[in-house]
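Asks: Start from the sequences and build out the full structure, keeping to the hints where you can.
Residues 5 to 233 (the numbering used here) make up the sequence shown, in order.
Treat the hints with care, as some may be off.
What the hints assert, rightly or not - Simulated restraints, written as ranges between beta carbons of each label pair:
no., residue 1, residue 2, range
1, Gln151, Tyr185, 28 to 34 Å
2, Lys126, Lys47, 19 to 25 Å
3, Glu65, Ser216, 21 to 27 Å
4, Thr9, Asp168, 33 to 39 Å
5, Gly46, Ile15, 32 to 38 Å
6, Gln155, Gln31, 32 to 38 Å
7, Lys171, Gln44, 34 to 40 Å
8, Asp63, Gly207, 29 to 35 Å
9, Thr9, Trp179, 43 to 49 Å
10, Ala138, Asp230, 35 to 41 Å
Hints listed in this document are in silico derivations from the structure and should not be mistaken for laboratory results. No residue lacks a Cβ here, since even glycine has one placed at the ideal position from N, Cα and C.
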Amino acid sequence: MSNITLYQYEISPFCDKVRRTLKLKGQSFKTENISLLQTQLGKVKKLGPAAKLPVLEIDGERIADSSNIVEELEKRFPSPTVYPSDKRQQALVHFFEDWADESLYFYEVYLRFVRNPKEWGKITSKEDHPAFAALSQHIAPGVLKKQVMAQGLARKPWAVVETDLHKHFQSLSDWLEGQKYLCGDELTLADISVAGQITCIIGTPEGKQISSNYPTVSVWLQRVDDLTL
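Replies: Structure below.
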C-alpha cells in the first residue's frame with residue numbers, strides 16, 4: 005500500500021480531479037489543506053519548484069500539476085484505467101481535459117469570485133486564522149478577478165457570459181446524447197476533468213440555474229460522481 009498525501013486547496017477543481025482519480029483507482033490517501041496564509045508564507049513554494057497546487061506526495065516523491073499527477077497515478081495503478089487504449093479516443097480525452105482546464109475553469113472562477121465574491125471569499129479563507137481570514141476573504145476575490153480580467157472573460161457583460169455558458173452546456177448535452185460517458189461507455193479522465201469544473205459552476209446560484217435546463221448533463225454528472233466521490 006502506497007503512502008499518499010494530497011496537498012490541496014480544497015475548492016480547487018484541479019485538486020478535485022486528483023481526488024476523483026484516486027477514489028476511482030481505490031487508493032487510500034490523506035489530504036492536507038493549504039490556507040491562504042500558508043501560501044503567503046511560502047508553504048506551496050516549499051512543496052516544489054512549480055509553486056502551485058495540487059501536489060501529490062507518494063512514497064516520498066512529490067508531483068505537481070493535476071495532469072502530471074494523473075499520468076503518474078495511471079503508471080502506478082493502471083486499473084481501472086482513465087485513458088482509453090484507442091489513440092483517437094486518447095486524443096479526445098486530451099481535448100476534453102484541455103477544454104475543462106483552460107476554458108471551463110475561467111467560468112467557474114468568474115461565477116465564484118466575480119459574481120459571488122463575498123460568499124466565496126469566506127469559503128476560500130476558512131482554513132486561515134480568524135484574524136487573517138477577515139482580511140484574506142476580501143483579498144482573494146480581487147486576486148482571482150484579476151486573473152479572469154487578464155484572460156478576458158471578466159471584461160464581458162454578464163449577459164454575454166451567461167449566453168456563452170448556455171452554449172457550453174448545450175454542447176455538452178448534445179455530445180452526451182445517447183452515450184454514458186464523454187468518450188463512450190467507459191469513464192475516462194475526460195469525464196473526471198469536466199465533472200470537476202461543472203461541479204464548481206453549479207455550486208453557484210447562476211450556474212445552478214443554467215444547469216437546470218440540461219438534464220442530460222445532470223444525469224451524466226451523477227453517473228461520474230457515483231464512481232469518483
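Asks: The structure should be examined with respect to each hint, and the outcome stated for every one.
Replies: Results of checking the hints against the structure:
Against the hinted window of 28 to 34 Å, the Cβ-Cβ separation of Gln151 and Tyr185 comes to about 31 Å, which satisfies the hint. Look at Lys126 against Lys47: about 21 Å separates their beta carbons, and that is inside 19 to 25 Å. Against the hinted window of 21 to 27 Å, the Cβ-Cβ separation of Glu65 and Ser216 comes to about 43 Å, which falls outside the hint. Remark: the range hint 33 to 39 Å for Thr9 to Asp168 is upheld by a beta-carbon distance near 38 Å.
Range check, Gly46 to Ile15: about 21 Å between beta-carbon atoms, so the 32 to 38 Å window is missed. As the Cβ distance of Gln155 to Gln31 is approximately 33 Å, the hint placing it in 32 to 38 Å holds. A C-beta distance of roughly 38 Å is found between Lys171 and Gln44, which places it inside the suggested range of 34 to 40 Å. Between Asp63 and Gly207 the Cβ separation comes to about 33 Å, which falls inside the hinted range of 29 to 35 Å.
Taking the beta carbon of each, Thr9 and Trp179 are about 36 Å apart, not inside 43 to 49 Å as hinted. Between Ala138 and Asp230 the Cβ separation comes to about 39 Å, which falls inside the hinted range of 35 to 41 Å.
Of the numbered hints listed earlier, those contradicted by the structure are 3, 5, 9.
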